[in-house]
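K.L.:
So the chains spell out like this:
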Amino acid sequence: MKRALLLSLLVASALGACATLSAVVASKARQPTIQFTTQIAAGAQKLFEAGQREEARSALEEALEIAPDNLIVRRELAMQLAASGETEAAAEQFRLVLEASPRDAGAARKLAEMLYAAGDRENAITYLRLACDWEPGNGMHWITLAQWLLTMDDPNTALGAARKSVEMAPGVPEAHLALGFSLWETGDTEGAEKSFVDALALEPDNASAKSALSALRANPKALPLSGRSIPLESPQPISNILESVE
Amino acid sequence: MSVLATALSKRGHPEGTTIVNTAAGETRSAPSPPQAILRKDRLAAAIAAAVVLVVIVYVRSTVEPAQDIAWSYQVLTLCLVAVAIAGRALTGFRPQKPASDEPAGLARWGWLLVLLAASLPYLLTLKIGLLSDDYGLLAAARGSTGALQAIRSDAFVAFYRPVTLFAWWLGDALWSGSPIGYHALSITLHTLNSLLVYILGRRLIPTAYGALAAALLFALHPMHVESVTWLAASSDLFCTAFSLSSLLLLEHYLSTSSKPGRLAFLLGALLSFLLALLSKEAALALPGFVVLRLALLDGPHRARRSLGIGGAYALVFVGYGLLRFLALGKIGGYAMPLSFWNTAFPSAPLLMLGDVLFPVNRTLFSAELHPYALWFAVALMAAGALWWLRGIQHVPGRRLWLWLGFVFLMSVPTWLFLWRQSAATEWSRFAYLPTIGAAWLFGDLCAARGWRRSAPTAAAILAVAAALTIWYITPWRQAGRISSQVVAAGVKLVDRLSTDGEPPVLYVTDLPAAWRGAQVLAYSYPQALNLACGRPVPVRMVTSRPGAGGIHPDVMAHWKLKPGEHLISYDARAHTMRIVRSGQAAVFPNLSPETPERMIAEP
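Protein sequence lines correspond, in order, to chains S and G.
In the working numbering, each residue's number is its place in the first sequence (first place is 1) plus 99.
In the working numbering, each residue's number is its place in the second sequence (first place is 1) plus 1.
Calculated directly from the structure, the hints in this document are not laboratory data.
Don't take each hint at face value.
Chain G residues, not near chain S, derived (Cβ > 12 Å throughout) [stated by the list, open to error]:
#1 G182
#2 L498
#3 G502
Quick look at which bits of chain G chain S covers, simulated, 3 or more residues with Cβ under 8 Å [stated by the list, open to error]:
#4 49-55
#5 77-89
#6 554-561
Note that CB positions come from ideal geometry on N, CA and C, so glycine has one too.
All chains, please: the whole structure from these sequences, using the hints.
P.N.:
This is the structure in structure tokens:
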């Protein structure tokens, strides 16, 4: 009896291991290897850069038919759609990326941008807030959030985001601009002036800061309607800067 | 369960005969059970173990370790544990004659062999210099006005390790913070730990040869390279030294008859345990091992004594917890959500045992040797592992569970981290203390087989271990070179970019974190530059790592540098630092007639 029990335990363990193996192999089969996906994404990127956008898109879509869970390929497709101006399709792809990879601040940020461009500002702000929560050290999220909240006539909330943006990105003029406009809208003109001066100290040629400061000094009681849209490009990876310098 | 419990306790043999063995190893063996049954059972156990092992090796080596299959390691580990328990219960304990064939000189000169084995290979590390977190620790020690302030510094961020901080302060006071002095201290501590493994082994393993084999494996094992070579990991060395001292004093307590002597030994053991905890949290589970050790002893009042001494250890543990809370204002540690699937339980102890048997530094193998060399090495190690597995049947059950219990319990603090780490990587320091259990098991295997039968194989295993250790030290030496070059290049930049004696503001990106598994610099560059320049230099790191206090790369892409500010990065080809961009002198625009002068002055 004892031997039978122990032998059963041995057999059960071996079967359990085999069952686990099957599950893992099935999971692996659903997700092609990193090399394969990297090759497809890199190839599609080259095609896109060479102007062959349709070919690039077809390659990525074919790859996704084989491996729908592949995030590298899906992210690349989403980026290409966004760059082509197909905001709705890009937003859908970013949404799928986010579903498969929760707490992906980059995807949340891009999805927010797509929604904002498509006019769905409330949802855009919701996703941008998620990006801020997931990656609080990235001041660019806070700057954009402050900007968007200003356009949504919510200067008090924007002020909090703008303060955070200055804390995280004190060397970025747009952070000081966002703080300046938030302070101006909440009635703190002195603080606003100082923020615009700070922005100009960082970038003396900054047109937004120049015009905002002039407008503020000309008429401190006027609301800065014209200054709400702060020109700000999407965040670039640091490698781009290095390449441009070299 | 009762069947398993009986089998595990080793009081009942599968075939009904009785074997009594003490923790010290004396055995009274009964007649062996019929060979035919044993052979069949052994075959079944071997087949099941082979199936599970093949699956584990396949999954670990070919499937990308991803979060969604992390659960599979836990399930596979449980399968392996089940096979091991059932296999051992089926095959049972097969005692061999107590070995008495070892050379007489071994008992007398064993300590000298251990001393040489533990210290000689690591003489190669003396000139490595400071790496990574070492700079922060030395800066904290140097910035303190005295020992009391030094042990209160926050150099370990979320951890409370005053003993290690005190050692850094003392080193700065005694040898002016020279890295050679700290490396010599680490080598001394490793040698001391190896000697303690030997001395304790003499008490726990039946023969001097067995104790010597255990200590030599511990001294020479390649998994310990990171702990001995990287100065910031010296907390592991201190923690192990005090943990082993505590166990040794406990053994003296158990073998002493006079009451004052016993009290002194017990107090000494508790104090050592406290010091171990104040060195590193790795000693947290020592009370568990103490209870296990006492529970496996023979004699009356076993349970009462286990609970009594275990309770005393638990009191020290609670006192340490309060002290830590008062010092840190929180419990501290890495903030990670705890659940079954995101811990390494029960994989951690088995991973460690696996790494003891297969200490493969894949990065180093693939970078420096032909691909087939890895397979050759694995085959060689597999032969050694087979020798271990075959020998386990000769080790008495109580000692077997004692050694495995040590590995299991002492790896508890690492369960959050180790689920996919392997030997000789940047996490192998976590295995320094737990692997002592594996070393004792190796010693016991040697003792059970006897000198004549096992010495050649044991010597071959130790020789391979020594060769790997020496090889695994080489990337650390290269890491030391890179670290010193990068710091020297930074000092040159600071000198060149200083204006009127004012140092420049540096933003630093793309620093080498590691070289083939060896720590290089990572986030310690600001402290390194401050130390090397002998004055404060404003340095900020560009990193997306949360909590590192740096600037996010996305933010840096938009960052406007002011005059005197520079973004610098690591040039991997020349192992030096280069300027990526610098802030230009601003020409302030004339905005309106009444304001410009004031605006220029204000920022």
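K.L.:
State for each hint whether it applies.
P.N.:
Status of the hints after comparison with the structure:
no.: 1; hint: G182; verdict: holds (37 Å)
no.: 2; hint: L498; verdict: holds (17 Å)
no.: 3; hint: G502; verdict: holds (24 Å)
no.: 4; hint: 49-55; verdict: holds (count 3)
no.: 5; hint: 77-89; verdict: holds (count 9)
no.: 6; hint: 554-561; verdict: holds (count 8)
Of the numbered hints given earlier, the model fails none.
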